[in-house]
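First to last, the sequence lines map onto chains G and V.
Quick note: the first sequence uses the numbering used here, first residue 238, plus one each step.
Quick note: the second sequence uses the numbering used here, first residue 6, plus one each step.
It cannot be assumed that every hint is accurate.
As the list claims (entries may be wrong) - Non-contacting residues of chain V with respect to chain G, defined by C-beta distances greater than 10 angstroms in every case (computed): (1) A118; (2) T121; (3) F139; (4) M183; (5) E209; (6) I213; (7) V269; (8) H282; (9) P283.
Claimed, not checked - Just so you have them, the derived chain V footprint on chain G, three or more residues with Cβ under 8 angstroms: (10) 304-315; (11) 329-338.
No wet-lab data here; the hints were simulated from the structure.
All C-beta atoms, glycine included, are put in the ideal place defined by N, C-alpha and C.
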Amino acid sequence: MQEQSAADTGAGGRAATGAAVISTRALTKRYRGGQLAVDGLDLTVPAGSVFGFLGPNGSGKTTTIRMLMGLIEPTSGTAEVLGRPMPLAARTVLPEVGALIEGPALYGFLSGRDNLLRYDAADPTADPRTRRARVGVALDRVGLTAAAGKKAKAYSLGMKQRLGLASALLRPRRLLVLDEPTNGLDPQGMREIRALVRELASDGTTVFLSSHLLDEIEQVCSHAAVMTQGRLITQGPVAELAAGARGRLVVTTPDPADAARVLKEQGVGDVVVTEDRVTGEPPDRDLAELNAALVTAGVRVRGFGVERASLEDAFVALTGEGFDVAG
Amino acid sequence: MSRVEQGGTTAGGATTSEVTTTSDVTTTPDATTASHAGAGVGRAPSLVWTFGLFRSELVTTFRRWRTLALLAVLAAVPILVGIAVKIETGDGSSMGGGPGGGGGGGEGPAFIAQITNNGLFLVFTALAATLPFFLPMAVGVVAGDAIAGEAGGGTLRYLLVAPAGRTRLLLTKYATVMTFCLVATLVVAASALAVGALLFPLGEVTTISGTRIGFGEGLFRALLIALAVAASLIGIAALGLFVSTLTNSGIAAMATTVGLLITVQILDQIPQLDALHPYFFSHYWLSFADLMREPVYWDELQRNLGLQALYAAVFGSAAWARFTSRDITT
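Could you put the whole structure together from the sequences, leaning on the hints where they help?
This is the structure:
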């Protein structure tokens, strides 16, 4: 029985390497008030990826995550997690999913350890014989062993966040859904959590990470998706997303006014002058000619090149906004 | 943040698959296989494992200060009644309108007059005094907070993604509230018995019918009465749990449940609503006194149990329908 199920999953696991861990088709949620929170979402999270889920506040990220976890019933469309439909297969899917949704929630009158024991007891497929040991390991992984006996209401925000992460790590998981996992942590804590995410990912766990920190996504994630106003704008490998946004031509010069004039004459759009830096949209021709034109015009050039676009540039280009709350 | 490599191995009883699962998460196929094998093994004994949530729920409920405070108040009622009766008899004044009479309806005073002869009657008096308000209020607080409190604290979403399962969680909550009904009633009875034995003599018991039964038989009747009182609370427990599934505020659910309790008690006193009275959950509450008749008069007791079962079925189903279809947004 055991061998057979192991063999089954072995095959399934191999097939799943190329398949999607999360896959939604036209997933839509309209709340009772008529507000369309998620609108026809087609999301595909490849197995083994660290997937960054981006979007301004109120863009529907949390509603999407809640639908994936079976907490909210979709109005229409389908969602599959680990190849099985949600929320129908919640009982078989969720034991293999660790989740941190919208920050940690704890019983203040229980100690950190007792909180984890309770969450583990809620999982009917978790072995009670190994419960204490697994809780101990999870506490150790997030660096909370020393504070495990303290009442959770005495925890700082960062410690609560760590305890929430520990509850997601109570058992080996195939998928981790982490909503803003570094919220409330100090820089050292953030680094630790990022290292933990990388470590988990290298173990083969797929990590679905939502964050408003773009550099965090860029540092940790292999794939990303961008949502705004309930719609998915783009998804794919992070490198491709960043490449999608065009870089900017940057000229460093002690003669910025002349340089700006020459660049405009040469067809460079959106020229911006800041002290000794002149930047603009590069034209579709050999940039060497631009440089030659600058030198010919007597502009002294200290530096000349194209700065690669960051994910933030890509994000702003896609959403047409920064991280302001969507109306 | 250091990683401990062997978690499962320290717990001696761990199965092979568990050891693999906890100690080796380094390679993808192995981890996947192991976790799945673990789930496969888990399916067999999960009927026993599933009660882990009930145990956790009991521990969580009875470790709250609020629960302990409610039980302390309930335990204090027989102490106050006992002391009051002792002082009054010390003065040599009559026992007619004893302190238990206010809440105890028609039966309270009948019992209270006998306390000085037999401390066991303090058990009946205390239950009669607490059943109309203190006991159902305590149950209303615990039942009202059951789901709404978890929703308000955000812990509900983590229980559900654990995954506790909505039906399983609701059943566990209801079982816990029922356990609280029983514990609360037994706390009142035990406190009353202790105070009664301390302040008054114990001995043969005179039933309402006028016959005399031995002390052992009387004690057994007291236990039956405590069980009947606990069963009387099933209806309000189901009602409170249903209210609890409607809101994300534990306080609102508690207040609504206690408000309903008071409203029904008042309506039950209005003669114009006579036709509705048999459907109020509190209508047959004082039928427990019939257990002190010789022979026991079962008619109203059975009606009470039937009514409580009806409330449990109706509001239990409503709570289930609501809770299993509800969007969890907190």
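Now for the hints, and whether the structure bears them out:
no., hint, verdict
1, A118, "holds (44 angstroms)"
2, T121, "holds (43 angstroms)"
3, F139, "holds (24 angstroms)"
4, M183, "holds (19 angstroms)"
5, E209, "holds (47 angstroms)"
6, I213, "holds (45 angstroms)"
7, V269, "holds (30 angstroms)"
8, H282, "holds (38 angstroms)"
9, P283, "holds (37 angstroms)"
10, 304-315, "holds (count 5)"
11, 329-338, "holds (count 7)"
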